[in-house]
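Protein chains: 2
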Amino acid sequence: MTSYVNSPSTPAPAPTSPAESGQVAQRATDASPVWAALPPRERARALVAAADALEANRAELVAVAMSETGLSEARLTGELTRTAVQLRLFADTIVDGTYLDVRIDDADPHFALGVRPDLRRYRMPVGPVLNFAASNFPFAFSVAGGDTAAALAAGNPVIVKAHSGHPMLSERTGAIVAAALEVAGAPVGTLQLIYGQAAGVDLLKDPRIAAASFTGSIRAGRILADIAAARPAPIPFYGELGSVNPAFVTRAALSERADTIADGYVASVSGSAGQLCTKPGFLFLPVGHGLADALAGRADTVAEHRLLNPGIAAGYRARRASILAAPGVTPIAEGSLRFDNEGQGWATPTIVSVRVDDLIAQRDALLDEAFGPLSIVVEYESEDELAAHAEDLFEGNLTGTVHAGAGEASLSLRALIRWIAEHAGRVLFGGWPTGVAVTPAMQHGGPWPATTNDTSTSVGSAAIDRFLRPVAYQDMPQALLPEPLRDENPWDVPQQRGLEGESLTWGHI
Amino acid sequence: MTSYVNSPSTPAPAPTSPAESGQVAQRATDASPVWAALPPRERARALVAAADALEANRAELVAVAMSETGLSEARLTGELTRTAVQLRLFADTIVDGTYLDVRIDDADPHFALGVRPDLRRYRMPVGPVLNFAASNFPFAFSVAGGDTAAALAAGNPVIVKAHSGHPMLSERTGAIVAAALEVAGAPVGTLQLIYGQAAGVDLLKDPRIAAASFTGSIRAGRILADIAAARPAPIPFYGELGSVNPAFVTRAALSERADTIADGYVASVSGSAGQLCTKPGFLFLPVGHGLADALAGRADTVAEHRLLNPGIAAGYRARRASILAAPGVTPIAEGSLRFDNEGQGWATPTIVSVRVDDLIAQRDALLDEAFGPLSIVVEYESEDELAAHAEDLFEGNLTGTVHAGAGEASLSLRALIRWIAEHAGRVLFGGWPTGVAVTPAMQHGGPWPATTNDTSTSVGSAAIDRFLRPVAYQDMPQALLPEPLRDENPWDVPQQRGLEGESLTWGHI
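Heads up: the sequence lines are chains A and Y, in that order.
Going by the UniProt record's numbering, the first sequence runs without a break in its numbering and finishes at 509.
Going by the UniProt record's numbering, the second sequence runs without a break in its numbering and finishes at 509.
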């Protein structure tokens, strides 16, 4: 949330004024019923057009993103592809129609508990959505990113509060995607941008906004979540905040594949300079693991990487210094951090080691997320204690990972997996949590403080759920029903008819 | 939330002390993994056992409920049946398994955007649930009511904060149902009760509580929702608060079936002395409707009915007096309200009339819910204005109703139906909103202030959704997966395999 702009010669978009914000909200409100009423195939075509437009402008957009974020061309190219894929994924999702959760209960005039009406339920769009973009995914969690795609697909206009770390990219992406949507039939106001914290807060309080999403820090996310909850009419707020993603390696795993583990861990910690919400912040290894040299050697081969912006670099410098200064902490790979003439920070990975008892003693200094290429190896005595240590040390997380031996299925391993499932959104067996697949079965979200609302995901097709609201129609004539609830089913969506042959179970009063 | 107890000679359960509340929370925490791990058929058997126990003790429970609430034997007998039916409904729901939303995406090592892992997602129980019982449904929204049944079915222990309006019934119901659950294999602590506002607030703040539900007033619900949102780790809070359930009658409907409308309206307003969250609080009739005598005549035949408790009666007296005193309000049936020696209020229906312009002018006096047998007829000039009037006057509601003529499908009618769908959880065409069917397609919930969270329902089998949280497993060996995610599918639940033949659409980064 710094106000940094990369190239001082290019003026950043001005902060959106209160009057402009009001106009933005009104355009979204006006667009809402029109966009919501488009048949799913037409909305899907507009999403695909947006994806195509992103890819058609790849060279320009990736160049602007490189300049503003310091991320690599390969990473940004992949991220743009992912962003286009997400839009197409949601196009498929809405054409399929399962997400509408259509339920039809036929009337029963002879029901034991009284006349039962014809009831038909589906999920409709909530209305205009406000999406606060992230610093660290300038495409995939920003203007045309996951929450935008999910909200648009559900039938909601979207207002994106651009992140101050990549304003020019946001403006260009917004212009390209909004134009593509409009050419494909979306009403004016289906996708709009605003700039500046004040405008974001203003709109979060605006009664025309029906739901909001956010990806960023715990501090900022909590402030916004509290604002959403304190409105005269509270709205759902889906914030993805902080996660340290602990990974646990058993002795058997280590003896089977120490090198593979060292490779994967250092790659996962250092990719995108560690500025990923799923970076493994803690790696539990058995005492005497003998992996320090292997980790140091790999960390030393990682090229210096620019951090996203000076604000993030300053935060990383402070976190790194306090971790290195904490009693009991030993550097495995001390890494480096330097600042260039433009105030940008450049880092190589820092990996430190601590005994689990020292981590417990130094929890205030060590447990918070370090956003950047730093991770802490935790040396434990006994696998039997891992679940208890995890319970003692960690709050909610996006992910938790176990590396076990082939066929290993001890009670302590099972207890650890159970602990992860109860405290995280995704449980990995082997592998590393960075690299979040965009699929129907992905869950990207977890108990506080990983997210403000762990009943939902921000990655994968299930993300559409967060921008929908159920409504039931009772005894409505066919001609007045929404298309998905009609017997003729013009949109060809799955319709669950739930009461056949089971009516003795059902009642009303 | 008064502290009234019906029979002064029978001591009410004492308020739960902070120490006792802590023990209750710990028992629920200890029960949580055990109850959650029971195979669905075993949990279902326990729910059916609870339903059977309620019915086996019907005579005693209905008698206690009559004494404590003043509701009729017929109503309470029906409500107990409904409560048992709800428990059986959720037993069916968990055996069916669709609610788990199991999604399996097979691994794809050759995927265009990189190796894609095996991902499997389902919804697991959230953990101990706190349920604040309602005054007006001593069975169906209380100790063993809908939220309790849904939370138990999902695999969560439940702590019910008993309502002060029916403490003895709560205690007996809790004892009977908890014993039935335990005999059927549920761990101790699966269903527990607490008494007193302070204990409810203490537990709402307790970090061991994972979600909460509530049925009651806007004032109390907002206080509790704010507490839930302000916790160090916020939790979902599902409050069902206030609703005035407007109903709109077109001129064509009136000319077709004035008598039927008069019958149904008066019955819906006066049933259970109007103490239902779906009571139609406003009936829009065209100017010159000529229905006043018919409504008055029917209202005069309704027998005096006791209100639930002196606190509710006092609230009703105040609301009724201010409505009757508002400029422009004309009584159609003035009704009565008297208090007996024990402080109980007894009422007959009060139906008043107001022109829509006067309602707009007197909105502060007239628009709030009147909890009791009172309803306001609103005379309108033109059907074309109904949607605009509704938009101007009303916030969110549980329901909205239209009565139209056969085949009527005017633009103004369509606009009105659209307005209702956007501002309520259930849209009725004909009929009356009281009498909420318990089926898969029911939606009982709507935009603020009808509920604190309109993405959810508190009636019908979809209510189980609110007590679940998604979790994904990545590359987990079969033996370490939860049963619903295994290929062998030992619980025989629906498994969606979403990626077959579509993999070009999917990506990861």
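Take these hints with a grain of salt, some might be off.
Claimed, not checked - Rough simulated footprint, nothing fancy, chain Y against chain A, three-plus residues with beta-carbon under 8 Å:
{"hint": "1", "segment": "102 to 110"}
{"hint": "2", "segment": "410 to 418"}
{"hint": "3", "segment": "424 to 430"}
{"hint": "4", "segment": "443 to 457"}
No lab work stands behind these hints, which were simulated from the structure alone.
No experiment lies behind these values; they were computed from the predicted model shown.
Where a beta carbon is used, it is the ideal one built from N, C-alpha and C, also for glycine.
We went through each hint and held it up to the structure:
1. 102 to 110: holds (count 3)
2. 410 to 418: n = 4 at 8 Å, threshold three: holds.
3. 424 to 430: It holds: at least three residues are needed, and the segment 424 to 430 of chain A offers 7 whose Cβ sits within less than 8 Å of chain Y.
4. 443 to 457: holds (count 11)
The structure fails none of the hints (numbered hints given earlier).
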